[in-house]
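Protein chains: 2
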Amino acid sequence: MRQIICLRVVSSLLKSTMRSHTFFDSLGSASIMAKILDGKGLAKDIRNELKIKIHNWVLQGHRAPSLKCVIVGDDPASHTYVKNKIQAAIDVGIEAETIRYEANLTEEELLMAIDGLNANSEVDGILIQLPLPGGIDERKVCNAVAPEKDVDGFHIVNVGQLCLDMPTIVPATALAVVEMLKRFKIETFGRNAVVVGRSKNVGMPIAMMLHSDMSHDSGLGMDATVTICHRYTPKEKLDFYCRNADIIITATGVPKLIKADMVKPGATVIDVGIVRVTGEDGKTRLVGDVDYDVPGGVGPMTVAMLMHNTFQAAQRQRDNDQQ
Amino acid sequence: MRQIICLRVVSSLLKSTMRSHTFFDSLGSASIMAKILDGKGLAKDIRNELKIKIHNWVLQGHRAPSLKCVIVGDDPASHTYVKNKIQAAIDVGIEAETIRYEANLTEEELLMAIDGLNANSEVDGILIQLPLPGGIDERKVCNAVAPEKDVDGFHIVNVGQLCLDMPTIVPATALAVVEMLKRFKIETFGRNAVVVGRSKNVGMPIAMMLHSDMSHDSGLGMDATVTICHRYTPKEKLDFYCRNADIIITATGVPKLIKADMVKPGATVIDVGIVRVTGEDGKTRLVGDVDYDVPGGVGPMTVAMLMHNTFQAAQRQRDNDQQ
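Protein chains in written order, with our numbering: chain R, 254 to 576; chain L, 254 to 576.
Treat the hints with care, since some could be wrong.
Pairs count within a copy or across copies, as identical chains cannot be separated in the list.
25 Å max Cα-Cα, derived PhoX-like pairs, lysine-lysine [as the list claims (entries may be wrong)]: (1) 490 to 435; (2) 517 to 490; (3) 453 to 488; (4) 438 to 490; (5) 536 to 512; (6) 536 to 490; (7) 304 to 512; (8) 512 to 490; (9) 438 to 306; (10) 453 to 490; (11) 517 to 297; (12) 306 to 393; (13) 304 to 435; (14) 488 to 517.
Honestly, the hints are just simulated from the structure, not real lab data.
Computed from a prediction, not measured in an experiment: that's the story for all the values here.
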């Protein structure tokens, strides 16, 4: 019975194979082939796999994994994000609940609420939606979540474990990128990778996993030679490193930063950057770092990996309880 | 009085200015200029500065900083290292003591001993000399040292803080390299740096500080574009990245890995790698990663920065006690 279900997942995975796209630079003078990975289809596959795994886990007598999303204030974008995460969680069989607080919540009150969730053995994952209102120290709040329930992977201990190649909870967007490289079988060993952007939740952890040792405990190392570029990398040097890269991961939020003529034929590009811009027609639309319509993108993969992290947190805590 | 002492330090610092060296590739066919930094003189200056700072700190009524070096077993090299550290500590006015255990000490006994040192408010810094005998989990031991007393900077929390650009205790060799770049006024902003070697105590933390944001809290960010090369970087790619680099930090222990023709004129090279090799004459000698006699090297700077870390640990713990 279980084997049949697994086969169904595999065949579904095969459908979302990598697509290659030809794209043109802004002058239309050159055309090159580059692999741009479709996160959307893969995210769907991963969510389907998780759904089956969680279903089996519950059949084995465990309670369903449980996720609490804490949101403070009225930021509409944050409420949309949380709503999407809750829906994704419920879809895969995670019990998910939003805990809403008014914007005037104090840091102390928030820390007390987190303590309560940490102490509650019925809660496996805790997600604090960022940004928090001014006056609340986000780093303090991230460190207040018990590391084993920190499904965002933002706690200092989880960051430390990641950087030491130890098994840990990895920030979902960074994990999404690594998962895409693995699922699409992009060779990383000894290859040249460029990470554009050095944010602590995306660029930095991606660079850590890309360069580190494949044989280590985390299973996340990729043995690539990695160049970290950022806002102070001169334009001509960014061009230089990108043109030399087999893999480009870009996560800057600078619209159309990576042009077609910066990407060598056959290179793999993952565009994590996304920003809302207003066009000449007055309409707003989402634009990536890559000057080309990237299919899908990393967004849906991030949500899928957050669900992966929540299930992983539930499993680890159950394992620890049984020891 | 104090001002005069400071001036003396400054003038002493001026004497150990950077030297430029001409070196030749193995064929003698090309000569290039590269800056190779002399750590030895700088280490002496830093120890002199520390001596004065600690002297003033004690004059202010604080007890002298206190360091405990724990060594397990009979490894002669480890005993030499510890002896040098203790001597350096005493020279700058740190009260330092070696705690020796037989090689048959169990992990549990070692963890209990560390707990005792953690709880002792008269102890500011704890150093566990590595490697530990087989059967003792080094990572567990590193994480058992209270983060605020972890003068090696190996605790997960200290690693996490470093990678998040937060003030922390930085592994001494990595800090030595950054301090050398700063003291010798090597421009890093927007420059191309290559770190050869990805060890968790040296290469990784150096790459973290080199690429990260100068304006962040740690004060250690250097805003360079950083390429991390390692054992699986193909030889021709290592050449490629090194030739493009303004700064090369090498920490592999592979003798003579970096040849003269891989270094562009005017580039800065810091050679952290050191390994004992046996020559054709049967004699052993120390050889670096760079195929050239590097003056001084990073070793003495590592010891000096360990003393810096110990004094910093003492100051922070006193500050915390007073809060």
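How the hints compare with the structure:
1. Taking the shortest Cα distances, residue 490 and residue 435 sit within 25 Å of each other only across copies (23 Å), while inside one copy they are farther apart (28 Å).
2. Proximity of residue 517 to residue 490 under the C-alpha cut-off of 25 Å is found in both arrangements, the shortest distances being 15 Å within a copy and 16 Å between copies.
3. In this assembly of identical chains, the alpha carbons of residue 453 and residue 488 lie at most 25 Å apart only when taken from the same copy (22 Å versus 31 Å across copies).
4. Only between protomers do residue 438 and residue 490 lie at most 25 Å apart by alpha-carbon distance; the minimum there is 22 Å, versus 28 Å within a single protomer.
5. Only within a single protomer do residue 536 and residue 512 lie at most 25 Å apart by alpha-carbon distance; the minimum there is 23 Å, versus 56 Å between protomers.
6. For the identical chains of this complex, residue 536 and residue 490 are neighbours neither inside a copy (34 Å) nor across copies (45 Å), given an alpha-carbon limit of 25 Å.
7. Proximity of residue 304 to residue 512 under the C-alpha cut-off of 25 Å is found in neither arrangement, the shortest distances being 38 Å within a copy and 55 Å between copies.
8. With identical chains, the CA atoms of residue 512 and residue 490 are at most 25 Å apart both within one copy (14 Å) and between copies (24 Å).
9. Taking CA atoms no more than 25 Å apart as the test, residue 438 paired with residue 306 passes inside one copy only; the shortest distance there is 23 Å, against 56 Å between copies.
10. Taking CA atoms no more than 25 Å apart as the test, residue 453 paired with residue 490 passes inside one copy only; the shortest distance there is 22 Å, against 27 Å between copies.
11. In this homomeric assembly, residue 517 and residue 297 never come within 25 Å of each other (Cα to Cα): the closest approach is 29 Å inside a single copy and 49 Å across copies.
12. In this homomeric assembly, residue 306 and residue 393 never come within 25 Å of each other (Cα to Cα): the closest approach is 34 Å inside a single copy and 32 Å across copies.
13. For a Cα distance limit of 25 Å, the shortest separation of residue 304 from residue 435 inside one copy, 20 Å, qualifies, whereas the shortest one across copies, 53 Å, does not.
14. For the identical chains of this complex, residue 488 and residue 517 are neighbours both inside a copy (17 Å) and across copies (21 Å), given an alpha-carbon limit of 25 Å.
Against the hints set out earlier in the document, violations occur for numbers 6, 7, 11 and 12.
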